[in-house]
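Residue numbers (this note's numbering): 823 to 908.
Among the clues, some could well be false.
Label-pair restraints from in silico Cβ distances [to be verified]: (1) D860 to I836: 25 to 31 Å; (2) N869 to K829: 26 to 32 Å; (3) L856 to I825: 14 to 20 Å; (4) D852 to S831: 16 to 22 Å; (5) D832 to K870: 27 to 33 Å.
Calculated pairs, DSS-like style, for lysine-lysine (alpha carbon to alpha carbon, straight line, at most 25 Å) [to be verified]: (6) K870 to K826; (7) K829 to K850; (8) K870 to K850; (9) K833 to K862.
Derived by calculation from the structure, the hints in this document are not laboratory data. Think of the CB as a built atom: it goes at the ideal place given N, C-alpha and C, for glycine as much as any other residue.
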Amino acid sequence: MIIKTIKVSDKGQIAIPQIIREQAGINKGDSIILIQEDSKIMIEKTNKFANLIKEDFKDIQKFSENSLKEVWDNKEDDIWNNYLKK
Numbered sequence: 823m824i825i826k827t828i829k830v831s832d833k834g835q836i837a838i839p840q841i842i843r844e845q846a847g848i849n850k851g852d853s854i855i856l857i858q859e860d861s862k863i864m865i866e867k868t869n870k871f872a873n874l875i876k877e878d879f880k881d882i883q884k885f886s887e888n889s890l891k892e893v894w895d896n897k898e899d900d901i902w903n904n905y906l907k908k
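Build out the structure end to end from the sequences listed, making use of the hints.
What follows is the structure, given as structure tokens:
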């Protein structure tokens, strides 16, 4: 872990120290995301953030289908399905 103190400019800009850019793989022109929670600010490369989200939501379709089956799998729906098929 590297800890550096940086200053914020009049325009609210900061410069990420070179050693941190190198270790994080941040290059000129890269897009980054700022994530703020309470008084904490995290910086992530957009592709790394996308991978984190992708990993977090990989099972969402399965969970959604299972949840909907609980709501939709009932006798009332079967009656409507039979009616609509005619």
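Here is how each hint holds up against the structure:
| no. | hint | result |
| --- | --- | --- |
| 1 | D860 to I836: 25 to 31 Å | violated, 19 Å |
| 2 | N869 to K829: 26 to 32 Å | holds, 28 Å |
| 3 | L856 to I825: 14 to 20 Å | holds, 18 Å |
| 4 | D852 to S831: 16 to 22 Å | holds, 20 Å |
| 5 | D832 to K870: 27 to 33 Å | holds, 30 Å |
| 6 | K870 to K826 | holds, 22 Å |
| 7 | K829 to K850 | holds, 20 Å |
| 8 | K870 to K850 | holds, 16 Å |
| 9 | K833 to K862 | holds, 20 Å |
Hint 1 from the list above is the single one not met by this structure.
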